[in-house]
Each structure stands twice: as C-alpha cells, then as structure tokens.
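Enquirer: Top line first, the protein sequences correspond to chains A and B. Just so we're aligned: the first sequence equals residues 1 to 378 in my numbering. Just so we're aligned: the second sequence equals residues 1 to 259 in my numbering.
Hints may contain errors.
Claimed, not checked - Just so you have them, the derived chain B footprint on chain A, three or more residues with Cβ under 8 Å: (1) 12–22; (2) 196–208.
As the list claims (entries may be wrong) - Calculated pairs, DSBU-like style, for lysine-lysine (alpha carbon to alpha carbon, straight line, at most 35 Å): (3) A/LYS9 <-> A/LYS292; (4) B/LYS24 <-> A/LYS292; (5) A/LYS373 <-> B/LYS156; (6) A/LYS373 <-> B/LYS24; (7) A/LYS9 <-> B/LYS156.
It should be emphasised that the hints constitute simulated quantities derived from the structure, not laboratory data. Treat the numbers as computed from the prediction; the structure is a model and nothing was measured. Beta carbons are placed, not taken as given, at the ideal position from N, Cα and C, and that holds for glycine.
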Amino acid sequence: MSAILTIMKKEFARFFGDKRLILSILLPGLIIYAVYTAMGSITQSFTETPVQAVVCVRNMPQSLSQAVSSVFIIDEGEGDDEALKERIREGDLDLLVIFPEDFDEAIAENALPDVSIYYNSGDTASSSAYYAMTALLNSFEESISDVLTINRGEGQFDLADSGALAKDILSMIVPMVLIMLLFSGCIAVVLESIAGEKERGTFATMLVTPVKRTYIAAGKILSLSALAMLSGLSSFLGLIFSIPSLIGGLEGISFTMYGFTDYLLIFLVIIMTVLVLVALLSIVSAFAKSTKEANGLMAPVMILVLLCSVVSMFVPNTAIGIYFVPVLNSAMCISSIMSGALSVAAFLITIGVNLAFTLLLAVVLAFMFNSEKIIFNG
Amino acid sequence: MEKTEILKVEHLKKTFRLSLRQRKNEGGVRVRTAVDDLSFSAYKGEIFGLLGPNGAGKTTTLRMLATLIKPDSGDAFIDGKSIVAQPYEVRGKIGFLTSELKLESFFSPNYIFDFFSELHGVPKDIREERKKSLFARFGIDKFADVKLGNLSTGMKQKTSIVISVVHAPEFIIFDEPTNGLDVITAKAVTDYLSELRGEGKTIILSTHIFSLAEKLCDRVGVIIDGRLAALDDVAALTAEKNLEDKFFELYSEVAGDRQ
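Turn these sequences into a full structure, and let the hints steer you where they fit.
Expert: This is the structure we're talking about:
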C-alpha cells in the first residue's frame, strides 16, 4: 500500500518541481481572470459612456421646459427647419422637436396637440434620444390625464427576492463552466503523466518492480486528481474574482449567499467528478500510442463531457434516474445545490455512482497496465 | 562443485500479430514467431550470454523473463517462481536493464534511487548504505543531485544500471548493457558484471558483441530466428575457432536449413 503513496509523492514532485507544469496548472485561472475582467470593463465602458443628446426644440412649452432641459442639451437652432434636419442626417444634431405654438393652451382645453419629432434611426445617439423624448412626453401625458396611476406611491412593488433570481442564474451557468474548467485541468495533468510517461518509456520501468498494477493505477489517479483539482481551483478562483466586473450590473449576485454546507457539498461533488474524469482520461491516455494521439482522442471525450454539462441546464432536477449517469449527475447536483433544491437521495446517488464508476475505471486501468499491447504498443 | 539451477526456461514461445502493412510485406503471413520453443537453464553464480543477430528474439526472451510480456506457451522459473503464474514474486527477485526502460530525465539519480527503492520495499537505512556504495562505485556521487536529462549518455547508463539493482537482486538480466557507450564506460560496466558474479549473483546478458560474450560469459546460448542454435560453455564453443567464426558457421547451417 505504501507504494501508492510513493507513486503519489513522485507525481507531486514531478509537477511541483517543474515551473512549466506549475504554470500549466495555474495559467487557466489567470487567463480566465484577465479575459473576463477585460470583457467586463469593455462592456461597462460601452454602457457607461455618458451620452447627453443634443436637441433643438421649437415653441418650447412652459410646462415642459424644465424637464426637457434637464435631460437634453438644448441647441439654439439657428437656421430654418430644413437646415436642422440636414444636421440630424449628418449626426451633428440628435433631435428636432416641434411643438404647436399654443401647446399649453391646447392641453388645458383637452385638445390633442400634435408634436413632431425628427430623428435619424440610423444613428444610435439620435434614436435613443428619440426614445428618451417619447418616454418623457408619455409620462407627461400620464401625469395630466387623471384616469389612473400605477405604482406611484412609495414602497417596494416587485416582490421577487433578488437573491433567488441570482441563484437561478448561477445554477444554470456555474455547473457547466465548472465542469469544463475541471475537465481542462484534468487533460493538462493526465496527458503529461500517463501518455507522456508511456511515450518516454519511463512507465515500463515501474512495471518491472513488484508493485501491484492496481496500486500504480490508484497512485496515478489519486495524485492526478489532486493536481487536476488544483488546476480547477485556479480556474474557479479566476472565475469568482472576475465575476464582479463581468456582471457588475446584475444585482444580488454574491458568493456569500451560499452557506458553508453548500460549499462543502459542492466540494464533495467536485472531488468525485475529478476522480471520474481523471480515471476516464487516464484510460484514454494509456490507450494512445503517443501524447499526440492522446490529445486527438480527448476530443470525443470532451464532446461527451460538454454534452453532459449542457444537458444539465435543461433537464428537470427532479428526475432521479439522471443521477445514475456519471458527470451528468455532478452537473445536476451542483445545479441543484446552487438553486437550493438538492435532495439527499440525489446527492448520495451521485457520490455513490461516481465513486463506483471511478473504481471500475481504476480496475480497467490496472488491467491495461498489465497488457503488453498497451505498454509496448504491440 | 554442484551447480544450482536458478533459471529454468521450458519451451518458451512467443508470436506477434503483424500489422496489415507488415502482412503485405511478408506475403500475407499473419503472425511472426519471435521466440520458438526455447529451453535452457542458467546456474547460480554464472554469466549466461544470449547471443544473436538483431531481431533473433533476444530482447523478446528477456522481456518474457522479466514478466513484461507473457509467453504464448511454455514457462520459465526463476529461483522456482513461474514467470507466468507468479509474476510479482519474479519481479521482486530480478533486476532488469534494457534500453527501452527509461528513467525520467526530470529527476536526479538520488531521487530516482529512493523512488525505486521504495517501490521495491527496501528499508531506508539499507537504501542509504547501498546508494552510497553504488554511487561511489560508478562515480555518480558527484552528479547525484543533477537532473538526469543534464547527464551524459554514459552517466545515464550507469544510473540505469544502479537503479536496476536497488533491491540487490540475486538474478540480473542485462539487455545490451554496453550499447552506445565509449570503451571506458563499457569497461566499467563489464567490470561490474564480473564483480556481481564474484558476489555469487546470476547474470543473463544479451549481446550481439561476440568479443564481449567471449571475454565475460561462462556459458552462451546462440539464438537464431527465435530458436536455440547452440548452447555450451564458452570454452567448448571456442575450442576450435573464435566465437564470431563459430557463430557464422552456425548461422550458415541454420540459413542453409531454411533454404
């Protein structure tokens, strides 16, 4: 049994002694952080650019003068209307608003005064100014017609819990992203350690020692899982730290809305998932003749895993049968934990099934290590 | 002195399935026989040479003895343990050196020595003592903490030899141990083999270098096309002519039989 530890120690020494490999573990997180933060700040700079539209108003009514000038920059409007329209086409002016001369009187007499607003729908600034102006006029219209009012009083009218919405959004996105990140972490370490060792001829050296093949398989799977977890953790932290700037506008998202138990459960599911993924990829790697071939064989596995994580977004989490499918059950479980709807049975089945599946794969791997065809590419 | 039989090879046979392309080249034959009904014995405290041209089946035979591949039929017993039925026991008794089993170039000789000692279950105090004497014996002590990848070919091969005997096996299988080495390093290796024999260990040595076999081996088995063409004391084989000429004689006999 101590051989398992010896093999694990060696794998750790291999990875932590090599700057290049440490980088391959930590880089995904850094890249995710950098890319997402950059994306977030770009989106914010788009939405936050202060655009105060420039409008020209003819016959400005007394009743609207203050409201309009507080929202828009008023252009003096030199020249005739045609000249102003030309300026709108050129993008120099955003709106030309023409009120009837006796607007206020007409309103007082319950007549229906007509307001003309000239704008350019091909120009973003102009069309948003148009919507702003119509909204302003609409609310003015509402304020003078005393038919009914909606939500004019103080108080909170939207009764939705902002946390619940945020949880729903997270429970859709996080499982998929998390599993893909874990998967890429697994690829990085497994390829190097199994296909790489086989290719370099260092693996067979271990096979002439009296260490049981199952111990070698166990030592490899356990150590590589720990390393893959580390890589996954790096990606996860990168994701978490970039979330505030990525979805800064979305209110209520905060990682404090989950308790310690939630995180513990997610952590357990992650461990099981990584074990399954590492065992699966180890088998694929052991099967391949070279690292290059192993890399190619990763693609179908990647598609399967991707499919599982995407499917988890659409399957109702009440169907218990779904928890018997490895990887998919992990995504479902994480999703349920995050939306606060995890059932004990589903969790236990997920842990049990993934553990059993890993053991099965480990036995298959040990069996493969015993095969001369696999080891010597016969 | 009564000889103790430590290795008994009984009718070993190994075939390989050919790939489609190989089949085409070889006229539709599906399998190639690498080792064909091979039987011989080796005795304690001798250097037994397996001699033959490239592709004769030497390496395949040694791989079977080292339990890395399984024979199609037949068996071999090392110190009474079957390579087919008791591979784990056999692995604990043998030291195996071949160019295909490599050491990770990322680690230092020091680390690799400890790693394989642990896999063989060697106690720490014995390990340190053994490491000290072996490293000194081969001059590895000066490079003990340098990554293997940064060492010369000769130093790598010396490390490989040292690693193959971390558990002080009684039975040692060396496949072409002097390949690619300069004369000085090769001499260090062959001297070590004589030394091991002096300690009463048994060595199976495969080589295609006749002078080496003539100088070093007590007995020699000549393998041609997977079959044993001759098996005798070196002294008997070289009574009339040197080993190389004797080999050509045997080879033309076998080749003549084939035609």
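Enquirer: Compare the structure with each hint and give your call.
Expert: Now for the hints, and whether the structure bears them out:
Residues of the stretch 12–22 of chain A lying with their CB closer than 8 Å to a CB of chain B number 4, which satisfies the three-residue condition for coverage. A count of 9 residues in the stretch 196–208 of chain A with a Cβ less than 8 Å from any Cβ of chain B is obtained; the coverage claim is therefore met, three being the minimum. Under the criterion of a C-alpha separation no larger than 35 Å, the hint pairing A/LYS9 with A/LYS292 is consistent with the structure, at around 26 Å. Taken as a hint, the B/LYS24 and A/LYS292 pair is honoured in the structure, with Cα atoms around 27 Å apart against an allowance of 35 Å.
Proposed proximity of A/LYS373 and B/LYS156 is supported: the alpha carbons are some 27 Å apart, at most 35 Å. Taking the CA atoms of A/LYS373 and B/LYS24, the gap is near 21 Å; set against the 35 Å cutoff, the hint holds. With a CA separation close to 23 Å, the supplied pair A/LYS9 and B/LYS156 stays within the 35 Å bound.
Checked against the numbered hints given earlier, the structure satisfies every one of them.
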